[in-house]
Structure formats: C-alpha cells, structure tokens
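Colleague: Chain by chain, the residues run as shown.
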Amino acid sequence: MRAFALLLFLFSTLPASAVEVRVAVASNFFTTAEILAQEFEMLTGYEVVLLAGSTGKHAAQISNGLRVDVFMAADVARPLLLEEKGLAIKGSRFTYAKGRLALWWPSETKVNEESLRNKAAGHLAIANPKLAPYGMAAVQTLKALDVYKHWRTYLVRGENIAQTYQFVHTGNADAGLVALSQIKGRPEKIWLIPEELHSPIKQQAVLLSSKQAAIKFHAFLRSEKALELIRDHGYDTP
Amino acid sequence: MFSPDDISALQLTLKLAAISTGLLLLLGTPLAWWLARSQWRFKFLIEALVALPLVLPPTVLGFYLLIAFSPNNWFGGLMMSVTGETLAFSFMGLVIGSVIYSLPFVIQPLQNAFTMISSQSLEAAATLRASPLDRFFSIAIPLARPGFISAAVLGFAHTLGEFGVVLMIGGNIPGETQVASIAIYEHVESLEYTQAHWLAGCLLLLSFVLLILVYASNRQLRIMRT
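Chains as they are written, first to last, in the numbering used here: chain A, 1328 to 1565; chain B, 9 to 234.
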C-alpha cells in the first residue's frame, strides 16, 4: 500500500505554481528568450520556465494537452492555428520579433550580393523551406536575385536554422543563409539580406492562460526594455 | 500515393542498406572471428568499442561525424583531396555513418556464431592438414551460417531505420542523401500525413518481413538440431 502511494506520488504532476510562467519558445529564439526571462524575473519576481523546441512540435503538443502559459512561435501559422482552435486567448496574438536573414561566408573577405552572383561554392546551406520560415525566405531571396537555378544543385538543407548554422560552422558547407541573430558579432563575413527580397519572417506569440504571471510576461514582451533586448540580438521589432 | 521524391528516397534507402550490409559483412567477419577466438587480455576494450553505437544517441555519432567530415580536419581534408568533394551531404558519407551505426548488429551475431564452433572440429581439420584459411572457409563459415543470416538481416534492417545520423550529416538532398526516414519526418512535420503514411507503412512492412525471416530461420535451425 505504501509502495502504491509512493508510485502515485512519483507519477502525479506537481501543480504549476502561481508565480511560475511556462513558455514554449521556438529554438531559434531560445538564447534571446533566456535573457528576456532573466530581465522579467528581476523586474517582477515571477519565475519563467522555458521549453525550447520546434514550433511545429510545440503546436502539436499544445493541441494535445501540453500546459504552457505563453507560446512564442517561429512563424504566424501555428499561433493562428491555436487561436482558431480556441486554445489561445483571443486577441493576444502579436508579432514579437522579425527575423533577419544573412549570407554567411567564412572564407570570403568581402561578402555582398555579388558573392551570390559570381562565386561558386561546394555547398550553400539553407534551412529546409518546407519546415522553417528562414528556409522559405532563403529560397525567395535566391529567386528574387535570379540565382536560384544556379544554386539549386549545390543546396544542402538543414532541418532548422540551427543545423544550417552548424553546417557552415563546421566547414562542411562553404556558405549559408542563416539567421542574423546567430552570427551577430562577426560582421565582416556576412551580408545582411535586404528585407524586400523575401516575405517577412514574423515570429508571433500568443497567451494560453489567464494566469496573472502569464499576462504580465506577455505584456513585458512588448515593453520598451524587451524590444531593445530583442533588437540587440539581431532581430527587428514591429 | 508515392511522389517521385518518395520513390527515390525508398530506392536510396535500399541501396544504402545493401551497400552498408555488404561492407559490414566483409569487414565484420574477420573482426568477429578474431573477437571469438582471441585470448588477448584486453579484448573487452574492443568489444566495448564495437557495442558503443548500441547505446550512444545517434546525435552524438552524427555530431562527431560532421566534425570529422569537415575539410578543416585531417580526415575530411584527406577525403576532400582524394575525392574532390566533402563527405558530408554525400551518399559516401552516409555509407560511412551507416557502417559505424550498424556495426554491433553485424558483429555480435557473427561473434556468437563463431564462439559456438567447437575447437575440436577445427583441430580435427588441422590434423587432416587443412590450412587455417581452408579451415575457416570450409568449416567455420558453413557452421556459422545462421549467424551470417542474422547479421545480414539485422544490419540491413537497422540501416533502413537509420534517422538521427543521416539527419545530422545528410543535408536532405533528394536522390543523394534524402532517405525514407528523412522523407517521412519531412512529411510529418509539414502535415502531409497521407504521404507519410504510405512511406511509413512501406518501412513497417519491410522491417517486419525481414525480422520474420530472422526468427523463422532461427526456429528452423533449432528444430533441425533437436
């Protein structure tokens, strides 16, 4: 009987505390979210628990009962889907950051538009356009510059933007279209892709519970302090 | 039903599994024989090394391979100067990954089979002046036949199911590195469940049939022996 009680105890989930905000955050934004969470904790005394993962998986998990208070996605489609399903609080959906795409070419001394036009590379890494918004933007960029046909056979596709970065970082791919947020701090090897070459990479957030701490965090994401931190990490803000 | 990319993914998977299994049997047979017969004190070190892919997460293997394949490192640089292209994102790279990944699945059944061959039958052949090589081919290999069947089928089936390593080093190129498991993952992630079902069902059936072959041949063998 005692063993049974122990089992029950082990398998019961602890009730989420009222001072805790559980946030499902897109992997690409995780490091920035950590800094935002620290700032928020310092300001309010609430505690933030971040769950990093792919936005597609998060949406599927939330639809199947994962309890989180705020969902910070990598796109617009999944928060919209949750809102339509009635799982998110109506009217809470907003763009918290806009991703910027950058061409990263570690072996080049000067990287610009001409690099994509003239240079030959063994492999150009992009994120999978079917799975990741950055991948879609990469393909749009190559098409807008009319060089997609040239690059098509040299493209390698990472499952997400982190893997795309990894391919270039390890030297297996010569160049890559990665997120600016990943390569801030080495401006000499990159070309920031002009925004008009692809549709905006909007990252949206929704509120999923009406807990006080969650509402505060959701509001904090739009505060001047938060916007400044987000811009510092290589994102645009609306 | 199947898109052209799905069909090429299936073909690629079968090709990868066939080539990897062939290589593993070639390389694995002498190693397994040595492991079964050697009296070396530190043999357990090699045994542990061979078993590592059983317990390591594929991401660990994939991560190390990605670093090793990089032209900036000696191994990747050497291969680059020999073949003229990087091993990552190539079929050749996947073969190397699969051989490492499926190694224990081939070595262990072979080693078990070789261990079961009695020394007496080999010594008897030796007294009849059969050379060591002759003894190996005319006694050890026929006696270890069930081990070879298990090793081949398990190596093949395990390579069919390979996912994590390919995800890390493949780059998802249709016709080159996009194997069935990767194609299924992409379909599921982009909510194309019908196409995912077709491919997944195909793999499920194939793996099940292969395992039936292994267990059926084991059973037959037991009946023959009793």
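If you're looking for bench data, these hints aren't it; they were derived computationally from the structure. Please note that a few of the clues may not be correct.
Pairwise CB distance ranges, derived in the manner of DEER restraints [said to hold, decoys possible]:
| id | chain 1 | residue 1 | chain 2 | residue 2 | range |
| --- | --- | --- | --- | --- | --- |
| 1 | A | N1445 | B | L213 | 21 to 27 angstroms |
| 2 | A | H1477 | B | F171 | 28 to 34 angstroms |
| 3 | A | T1358 | B | L199 | 27 to 33 angstroms |
| 4 | A | A1379 | B | W82 | 54 to 60 angstroms |
Only pairs whose alpha carbons sit at most 16 angstroms apart, straight line, appear in this in silico EDC-like list of lysine to aspartate or glutamate [stated by the list, open to error]:
| id | chain 1 | residue 1 | chain 2 | residue 2 |
| --- | --- | --- | --- | --- |
| 5 | A | K1470 | A | E1522 |
| 6 | A | K1384 | A | E1366 |
| 7 | A | K1384 | B | E93 |
| 8 | A | K1457 | B | E55 |
| 9 | A | K1384 | B | D13 |
| 10 | A | K1543 | A | E1347 |
| 11 | A | K1425 | A | E1440 |
| 12 | A | K1516 | A | E1435 |
| 13 | A | K1470 | A | E1440 |
| 14 | A | K1516 | A | D1402 |
| 15 | A | K1543 | A | D1402 |
| 16 | A | K1457 | B | E200 |
| 17 | A | K1457 | B | D142 |
Pulled from the structure, derived: some chain A residues nowhere near chain B, Cβ distances all over 10 angstroms [unchecked claim]:
| id | residue |
| --- | --- |
| 18 | E1368 |
| 19 | N1391 |
| 20 | K1425 |
| 21 | A1452 |
| 22 | L1458 |
| 23 | V1483 |
| 24 | N1499 |
| 25 | A1500 |
| 26 | E1515 |
| 27 | P1521 |
| 28 | S1526 |
| 29 | T1564 |
The beta-carbon is built from N, C-alpha and C at its ideal position, and this holds for glycine as well.
Colleague: Against each hint, give a clear statement of whether it holds in the structure.
Modeller: Outcome of the hint check:
no.: 1; hint: N1445/A - L213/B: 21 to 27 angstroms; in the structure: 49 angstroms, violated
no.: 2; hint: H1477/A - F171/B: 28 to 34 angstroms; in the structure: 31 angstroms, holds
no.: 3; hint: T1358/A - L199/B: 27 to 33 angstroms; in the structure: 28 angstroms, holds
no.: 4; hint: A1379/A - W82/B: 54 to 60 angstroms; in the structure: 34 angstroms, violated
no.: 5; hint: K1470/A - E1522/A; in the structure: 14 angstroms, holds
no.: 6; hint: K1384/A - E1366/A; in the structure: 27 angstroms, violated
no.: 7; hint: K1384/A - E93/B; in the structure: 35 angstroms, violated
no.: 8; hint: K1457/A - E55/B; in the structure: 42 angstroms, violated
no.: 9; hint: K1384/A - D13/B; in the structure: 24 angstroms, violated
no.: 10; hint: K1543/A - E1347/A; in the structure: 11 angstroms, holds
no.: 11; hint: K1425/A - E1440/A; in the structure: 22 angstroms, violated
no.: 12; hint: K1516/A - E1435/A; in the structure: 7 angstroms, holds
no.: 13; hint: K1470/A - E1440/A; in the structure: 13 angstroms, holds
no.: 14; hint: K1516/A - D1402/A; in the structure: 27 angstroms, violated
no.: 15; hint: K1543/A - D1402/A; in the structure: 22 angstroms, violated
no.: 16; hint: K1457/A - E200/B; in the structure: 11 angstroms, holds
no.: 17; hint: K1457/A - D142/B; in the structure: 57 angstroms, violated
no.: 18; hint: E1368; in the structure: 31 angstroms, holds
no.: 19; hint: N1391; in the structure: 14 angstroms, holds
no.: 20; hint: K1425; in the structure: 23 angstroms, holds
no.: 21; hint: A1452; in the structure: 7 angstroms, violated
no.: 22; hint: L1458; in the structure: 5 angstroms, violated
no.: 23; hint: V1483; in the structure: 3 angstroms, violated
no.: 24; hint: N1499; in the structure: 4 angstroms, violated
no.: 25; hint: A1500; in the structure: 8 angstroms, violated
no.: 26; hint: E1515; in the structure: 19 angstroms, holds
no.: 27; hint: P1521; in the structure: 27 angstroms, holds
no.: 28; hint: S1526; in the structure: 18 angstroms, holds
no.: 29; hint: T1564; in the structure: 28 angstroms, holds
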